[in-house]
Amino acid sequence: MKKLLLVALALALICGSAYAAEPVKIGLMGPMTGSWASEGQEMKQVLDLLAAELNAKGGLLGQEVVVVSEDDGGDPRTAALAAQRLATQGIVGVIGTYGSSVTEATQNIYDEAKIIQIANGSTAIRLSEKGLQYFFRTCPRDDEQAKVGAQAIEKMGFKKVAIVHDNTTYAKGLADEAKGILDANKDIEIVFFEAIVPGERDYTAILTKMKGFEPDVVFFTGYYPEAGLILRQKQEMNWDVPFIGGDATNNPDLVKIAGQDAAAGFYFLSAPLPKDLPSEDAKQFLEAFSKKYGNPPSSIYAVLAGDGFRVLVHAIAESKSTDPDKVANFLHNDIKDFPGLTGKISFDDKGDRVGEVYRVYQVDDQGQFILMP
Amino acid sequence: MEQFFQQLTNGLAVGAIYALIALGYTMVYGVLKLINFAHGDLFTIGAYLGLTLLTSLALTEHIGPVWGVSVLAVMVMGLVALIGALLDRLAYRPLRESPRLSAVVSALGASIFFQNTVMLIYGARFQVYPQNILPKTAINIFGLYVPLIRILILLASIVMMGALYFFIQKTKVGTAIRAAAIDQGAARLMGIDVNRVILMVFLLGPAMGGVAGLMVGLYYGQINFTMGWVYGLKAFTAAILGGIGNIPGAMVGGILLGVIEAMGAAYLSIAWKDAIAFCVLILILIFRPTGLLGERVAEKV
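Taken in sequence, the protein lines are chains A and B.
In terms of our numbering, the first sequence opens at residue 9 and continues consecutively.
In terms of our numbering, the second sequence opens at residue 31 and continues consecutively.
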């Protein structure tokens with residue numbers, strides 16, 4: 009009898025405490041390890057900061073907000089497992105992730121579990137062309153990026169263009185898109201179009217081959233670890249062809265890997281960097297971030313993850329519900345020019361962010377990223 | 031034609047590194063018939079230890095780049111050799127009498143252990159060697175433009191492989207290693223301490239792998255905790271290509287694999303270069319199942 013009483017008491021305690029503080033859970037899926045670890049770790053820092061600020065102000069729907077994070081390792085296979093784990097943890101929505109092929113591996117898992125997914129760095133076009141109702145992204149799309157890249161190449165007057173990608177969903181998509189636009193221009197000839205194998209150390213073979221085609225400019229659509237090595241080896245070969253990178257080369261580690269000399273003069277496309285964000289909200293956020301972690305955020309994708317979090321929280325608060333259909337509906341239809349950290353945010357029917365233009369940046373002699381006029 | 035020779039030098043430099051790592055696989059296999067899957071991670075550890083020693087001791091500032099890097103290489107070799115010996119003592123020796131599969135599983139476990147240890151100690155981000163440790167000059171050879179470091183990597187590898195070959199062929203300990211590779215039981219009857227031979231193998235192989243890691247760090251600059259996987263796989267392939275268990279085979283296999291990759295990239299397609307390299311491997315194995323220099327081993331029943 010005594011035992012039974014004890015069990016009943018324990019049960020009551022467990023249920024009671026769980027009921028009293030059922031927090032609103034928001035997932036974060038990011039590359040905490042692997043090649044893109046610096047992106048994922050900063051995403052987590054941003055979300056931890058925003059969640060702490062929100063909880064200090066009284067939380068969401070009267071409840072505490074908890075960020076549940078999982079590591080996708082920057083790898084589609086790891087990501088699918090991470091998504092399955094997150095899907096069983098009662099999260100309302102998930103923020104992330106960075107790489108497009110990684111996001112693609114998880115889209116259907118979240119869709120079937122009716123979990124809202126807001127990607128922060130996955131710019132591949134086809135992600136939002138699948139008619140998934142719970143998928144959104146705060147970053148722009150690659151057709152927009154390819155357009156800006158092609159315009160930059162035309163404006164700088166390059167005639168012979170080499171395009172190099174790395175066969176990932178994002179890089180190949182961007183390369184194909186840019187090729188399509190440049191092919192339409194009769195003055196510009198694409199002399200070289202090939203893929204590298206990411207994750208290696210030696211890219212001199214491709215550089216030697218590419219040099220034989222004498223391009224005026226190289227458009228590299230892969231990620232920063234490889235871009236840094238390629239720039240370094242290009243300098244070693246004494247080849248001074250200008251390079252333009254896609255927005256995945258936008259990371260300060262690029263300069264560290266390539267070295268300041270080799271990185272100087274490198275152009276890349278990107279949404280405005282954290283330091284160039286104009287809004288008052290953004291300045292306050294940058295200050296709070298620097299205060300907590302000792303340095304400002306270096307990656308725009310981490311800030312875009314923060315925007316995903318803020319817009320999701322806003323939608324939950326306004327629709328007064330954690331029902332995915334209601335929140336998704338609100339995100340699709342009722343958000344107009346939400347003041348995000350990276351500018352105004354609205355979503356179209358596909359879940360893509362409306363507006364927001366890519367800029368061209370250049371790395372200067374000191375390794376700083378300078379916004380081109 | 032110029033491009034051909036340029037690609038040849040590219041391939042040789044990459045291949046020299048593969049060959050150095052392949053030696054570790056092939057020596058362990060020769061004596062123990064075990065694929066040491068943790069060998070690629072010993073290579074990673076070499077790269078990270080090199081970085082730590084380089085930045086903390088600032089050797090190159092005190093005694094100049096040439097001596098600094100040489101001393102550094104010796105220190106890295108010593109430390110990684112020590113880790114290799116510990117690996118054998120803790121992970122393989124207790125399983126010496128068990129079925130071969132147990133040791134292979136133990137090797138995989140050791141690989142995961144090393145990889146995660148490096149990640150936990152150094153973090154998951156890319157680490158970068160300091161710039162300008164080595165001079166960035168390039169040499170003009172008959173109109174070919176070859177960075178000096180590439181030549182140094184190739185020379186250093188060849189010297190080390192030569193020394194190893196001499197050691198194995200001409201010294202008493204080397205003879206003991208060869209004897210143990212042929213027949214452990216008979217070697218024991220001849221008064222050879224087989225466990226000490228195996229210890230020797232686990233000192234030499236990891237030392238070569240560790241110094242290869244240091245070279246990759248010094249030359250390419252960028253290292254991370256997963257780098258051992260790609261290099262380990264390629265070096266393992268090189269060891270099989272040359273005939274696993276055969277030391278000159280590992281050297282030939284490594285250099286050949288590097289050159290095939292560079293040529294595949296140059297004249298066919300870059301994205302397909304790994305596929306081309308592995309097709310060559312399959313072809314060679316079809317016609318020479320023991321690898322290029324592999325000995326014909328009578329199957330023991």
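Quick caveat, the hints were computed from the structure, so don't treat them as lab data.
Being a predicted model, the structure only gives us computed values, none of them experimental.
One or more hints might be untrue.
Pair ranges (Cβ atoms, derived) [to be verified]:
1. B:W97 / A:K283: 49 to 59 Å
2. A:D184 / B:N146: 36 to 46 Å
3. A:G207 / B:I171: 28 to 38 Å
A virtual CB, placed ideally from N, CA and C, is assigned to each residue, including glycine.
List of violated hint numbers, smallest to largest | 1
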